[in-house]
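Based on the hints, put chain B in the right spot on chain A.
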Amino acid sequence: MSIAFDTVAEGDELPVRDLFLAKDMVRAYARAANQVAPRFTDDDGARQEGLPGMITPGNMSMGLLTAAIEAWAGIGALRRLGTTFRGLVLPDRTIRLCGTVTEKDDTGRTVELDVWLENEDAERLVIGTATVALL
Amino acid sequence: MPLDIDPGLLGREFDHTTYGPVAPDELIAFARALGETRPEYVEAGSALVGHPTFCLRYKGHKFYPENIPRSINVRTGLDAGKDIAFGVPVRPGDTIDVRSTLHEVYEKTGRTGSMYFVVIRFTMTNQRGEMVAVVDNRFMHRG
Chain A
1 MSIAFDTVAE
11 GDELPVRDLF
21 LAKDMVRAYA
31 RAANQVAPRF
41 TDDDGARQEG
51 LPGMITPGNM
61 SMGLLTAAIE
71 AWAGIGALRR
81 LGTTFRGLVL
91 PDRTIRLCGT
101 VTEKDDTGRT
111 VELDVWLENE
121 DAERLVIGTA
131 TVALL
Chain B
136 MPLDIDPGLL
146 GREFDHTTYG
156 PVAPDELIAF
166 ARALGETRPE
176 YVEAGSALVG
186 HPTFCLRYKG
196 HKFYPENIPR
206 SINVRTGLDA
216 GKDIAFGVPV
226 RPGDTIDVRS
236 TLHEVYEKTG
246 RTGSMYFVVI
256 RFTMTNQRGE
266 MVAVVDNRFM
276 HRG
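If you read the protein sequences in the order shown, they are chains A and B. Every letter in the first sequence is one number past the one before it in this note's numbering, and letter 40, counting from 1, is 40. Count along the second sequence from 1, then add 135; that gives the number in this note's numbering.
If you're looking for bench data, these hints aren't it; they were derived computationally from the structure. What you are looking at is a predicted structure, and each value in this text was computed from that prediction instead of being measured. Here a beta-carbon is modelled for each residue, glycine too, at the ideal position from N, C-alpha and C. Hints may contain errors.
Pairs of lysine to any residue residues, derived as SDA-like cross-links and limited to a Cα-Cα distance of at most 25 Å, are as follows [claimed, not checked]: (1) B:Lys194 - A:Ala37; (2) A:Lys104 - A:Asp114; (3) A:Lys104 - B:Val269.
A few chain B residues that don't get close to chain A, going by computed Cβ distances all over 10 Å [what the hints assert, rightly or not]: (4) Gly146; (5) His151; (6) Arg234; (7) Gly248; (8) Gln262.
Chain A on its own, in the form it takes in the complex (with noise of 0.2 Å):
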């Protein structure tokens, strides 16, 4: 299922993703994504590299953001998606995969959309902007 380009406004939100990301889905990720490293797999691996215990692959929120977006746009809309880590996304804990839209293109049958990933606390760890194209 997908939304269809006429059906959707400016200001509208997609529908907003809960996820307790385990500390074994993050492994998960870093081993299918070829990304194992001590950061992202152990905790005491990641305080020996100065940080608080394991930490979330900015690759595997970007990753929970297409899968967010393309539940509500569909397989193959996202043409583009661009992102800013602003916050460690720390494992064994909440996060909220939010969107809306900020742009319709009537012409191309795009839309714009502010994305982002926050915490229990509200705090946007991750922020971006998407272009999806829509039917």
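This is chain B only, laid out in the frame that chain A set:
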């Protein structure tokens, strides 16, 4: 310390690496690790495609060009973010060519002092010459 960068370095390819062929299991494991359950991403067969961010698995063998300015300590970088322009999806059996260029270098001054940003562009194409993705990866270094 001001940046001393040779403008000729910008846009010049410093690494070319080829990966593949891509196995279906790689695509499926990656998608499942993101919680995907849609058949296009997790069921082997002719319709299987890679999750869009699968392309982030790929980078060059050389992290930076050899003649990056000395004021940038290449051992102390943090991933500051990425911009991805998506092309065709990765499919099983694909080989992926990754060409790395130094796209941009700039300095910013914040509350904690100066920071250098290095943007590496990874241009990825498949064996048919189709664009898979162009990824601009920003790395931040303390000055």
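Evaluated hints:
With a CA separation close to 16 Å, the supplied pair Lys194 (chain B) and Ala37 (chain A) stays within the 25 Å bound. Taking the CA atoms of Lys104 (chain A) and Asp114 (chain A), the gap is near 12 Å; set against the 25 Å cutoff, the hint holds. As the CA atoms of Lys104 (chain A) and Val269 (chain B) are separated by approximately 24 Å, the hinted pair is consistent with the 25 Å bound. Here Gly146 (chain B) stays apart from chain A, with its beta-carbon at least about 20 Å from theirs, past the 10 Å limit.
For His151 (chain B), the requirement that its beta carbon stay farther than 10 Å from each beta carbon of chain A is met, with the minimum near 19 Å. No beta-carbon of chain A comes within 10 Å of the beta-carbon of Arg234 (chain B); the shortest separation is about 19 Å. With a closest Cβ-Cβ approach of about 17 Å to chain A, Gly248 (chain B) is found to remain outside the 10 Å limit, as its non-interface label requires. With a least CB separation of 20 Å from chain A, Gln262 (chain B) remains clear of the 10 Å interface cut-off, as annotated.
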